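Novice: Construct all of the structure, not just a fragment, from the sequences and the given hints.
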Amino acid sequence: MSFISYLINGISLGSVYAIIALGYTMVYGIAKMLNFAHGDVIMVGGFAVFTIVSTYGLPPALGILVAVVICTVLGIVIERVAYKPLRNAASPLAVLITAIGVSYLLQNVALLIFGANTKSFTSVVSIPPLKLAEGKLMISGETIVTIISGIIVMICLTLFVNKTKAGQAMLAVSEDKGAAQLMGINVNGTIALTFAIGSALAAVAGVLLCSSYPSLTPYTGAMPGIKAFVAAVFGGIGSIPGAMIGGILLGIIEILGKAYISSQMADAIVFAVLIVVLLVKPTGILGKNIQEKV
Amino acid sequence: MGKMNSKLKFSKTTKSNMITYLIVAVAFVAVKILLAGGHMSSLMEGLLVPLCIYVMLAVSLNLTVGILGELSLGHAGFMCVGAFAGAFFSKCMKGAMPDGLRFLIAMVIGAAVAGAFGILIGIPVLRLKGDYLAIVTLAFGEIIKNLVNVLYIGRDGEGFHFSMKDSISLHLGEDGEVLINGAQGITGTPHDASFTVGIILILISLFVILNLINSRDGRAIMSIRDNRIAAESVGINITKYKLMAFSISAAIAGVAGVLYAHNLSTLTALPKNFGYNMSIMILVYVVLGGIGNIRGSIISAVILTLLPELLRGLSDYRMLIYAVILIVMMLFNWSPKAIDWKERVREKYFSGWKGRKGAAGQVSEGVLSKGKGGK
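Line by line, the protein sequences are chains A and B. Quick note: to get this note's numbering, add 47 to the position in the first sequence (first position is 1). Quick note: to get this note's numbering, add 315 to the position in the second sequence (first position is 1).
Treat the hints with caution; some may be incorrect.
[What the hints assert, rightly or not] One side only, chain A facing chain B, incomplete, derived with CB under 7 Å:
#, residue
1, LEU81
2, ALA129
3, PRO132
4, LEU133
5, ASN135
6, ALA141
7, THR145
8, TYR151
9, LEU152
10, ASN155
11, ILE174
12, PRO176
13, GLN311
14, ALA315
15, PHE318
[What the hints assert, rightly or not] Pairs of lysine to any residue, SDA-like flavour, derived with a Cα cap of 20 Å:
#, chain 1, residue 1, chain 2, residue 2
16, A, LYS212, A, VAL200
17, A, LYS305, B, SER478
18, B, LYS347, B, ILE618
19, A, LYS131, B, ILE438
20, A, LYS79, B, SER650
21, A, LYS131, B, ASP481
22, A, LYS305, B, VAL643
23, B, LYS444, B, SER548
24, B, LYS330, B, GLY533
25, B, LYS409, B, LYS347
26, B, LYS663, B, PRO651
27, A, LYS212, A, ALA227
28, B, LYS652, A, THR165
29, A, LYS79, B, GLY533
30, A, LYS328, B, ILE438
31, A, LYS328, B, LYS444
32, B, LYS480, A, ASP314
33, A, LYS79, A, VAL124
34, B, LYS555, B, LYS587
35, B, LYS480, A, LEU303
36, A, LYS305, B, LYS555
37, B, LYS652, A, ARG134
38, A, LYS131, B, VAL643
39, A, LYS305, B, ASP481
40, A, LYS79, B, LYS444
What the hints contain is simulated information worked out from the structure, not anything from laboratory work. Every value quoted in this text rests on a predicted model; they were computed, and no experiment measured them. Cβ atoms here follow ideal geometry from the backbone N, Cα and C, with glycine treated the same way.
Specialist: And the structure:
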């Protein structure tokens, strides 16, 4: 019975990773850059909800809405100010280092505003835990909400990318920026839209993550952010279904590793997965193999 | 150089390197004079050894980022390996041999172990490129920190005992002693580090790196950075040279770690000292000093360490300042628009300064052409 409960927790954590990984993979697919600050946008979302719900005592729904708006705006601003000027920089390292700088900046601004103390996050979920098998298997409300939100986000995003014009524009830009521009697609607008969607998803992930693991510090987002990147690579970077599969698998691996191998080594296990994936199949589970041209 | 009869005529790079050594030597003398005159506060005195450590880390990371052209985010991990290897040796051999010799061997061991880890990690990692390489080095750095935190080593009459669980499962005899105590790390490392040793180590690191850059091997490494495919097609062994640069960089970080370990009585692997943040801090030094510019790394490491301490009011904002520096420097130096703007300003106001680009300038500009080759 404990195995099933670990499995469900793993899927729940994996859903959060999947939502974060979607942001990573979309941005990577379109801007060909690793948005290191993505994890810290999660933290910003968490603090936005925390401030509104715990400090001002307003309803959680409003908190989530405000968090999504703040993170969306933040995502667009980051892209405009820090990444866009470097889009055509000669070295791919330039934008990566800038992204690390942005990540660091967000952490330290949060540190100055909210302090280094751990804030205890009040869960936004008020569903009672589900008891199965005569009380032996208990699934918390947070877990149920996280898994359901994960599924909804994945369905909506798949529909958006495949059925709407803006989604098709995204696919086109990620395929070939130049050709997309020639076809009359607003490339800058599409990239900004991708960052906006990714950041909005990060806000949702932040709320879900903090509801399940209710401690909030300025560094809360960093580790899940990096792990979600691992998930994105695992599933095949640039691929939306890949990010979902990768996220959920990684969540399960982490929780099972914590339970059966060593709780202190959980992070190391996750990173070992990344290294093995990159060595065996660098393109990930669903990634495309791109030949290098001279 | 070349000609035998003109001994005093040095090439441009030799002159540039001499200036770098001279800066370090002058700084050493200046600090010694200040110390002798009692003009240095105890706070500043305490900063001298960390300063040497940061300089070594910055210079060695610059070898990976600037000369090899790959972003490593796990540099603190190599420092961690070196620190623990060196401190472990020192703790084992405490009293068994003269202090100076023991410290020297500890440093050699730290360098060797960190260098070996560099090769071990480099073999899989260096097959990757750009973002992937950065994230995998980050992952390795975290794994090393994680492993050190669950490592227990003890010693008794029968020899060494290892465990990955806790100190009790070492099953030590009555005369046993726990040497590495998991998350509590190593306690009681002898305090051997001094400013003089630090400066000597900096000079040795500089000697190794500057000579490597100006050697045939160094040129091969830079050619890989500038255009990997072209380098490969003229018969340069990519893996060999990448590993060479990566492991030398790791070994120097390892020595810096040994110095770090022997400057504190307790050595623990925390996110603060050996984590991702430390790796980023070193990267900030490299970026501010100029990617590929060794002398710049030294100067920026010194400035960024001393500045927040000198302006005490700013110490809360230290990390924030680092972040802003990182972003602004990158935007200013790498954005095509900013480069155009700088070019225009140079033409307008400094048009007479055509020959003002030294050897260091050429090195950092080489990085710029990296992306062009791949397209």
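Novice: Which numbered conditions among the earlier hints are violated in the structure presented, ordered from lowest to highest?
Specialist: 11, 12, 19, 21, 22, 25, 28, 29, 34 and 36
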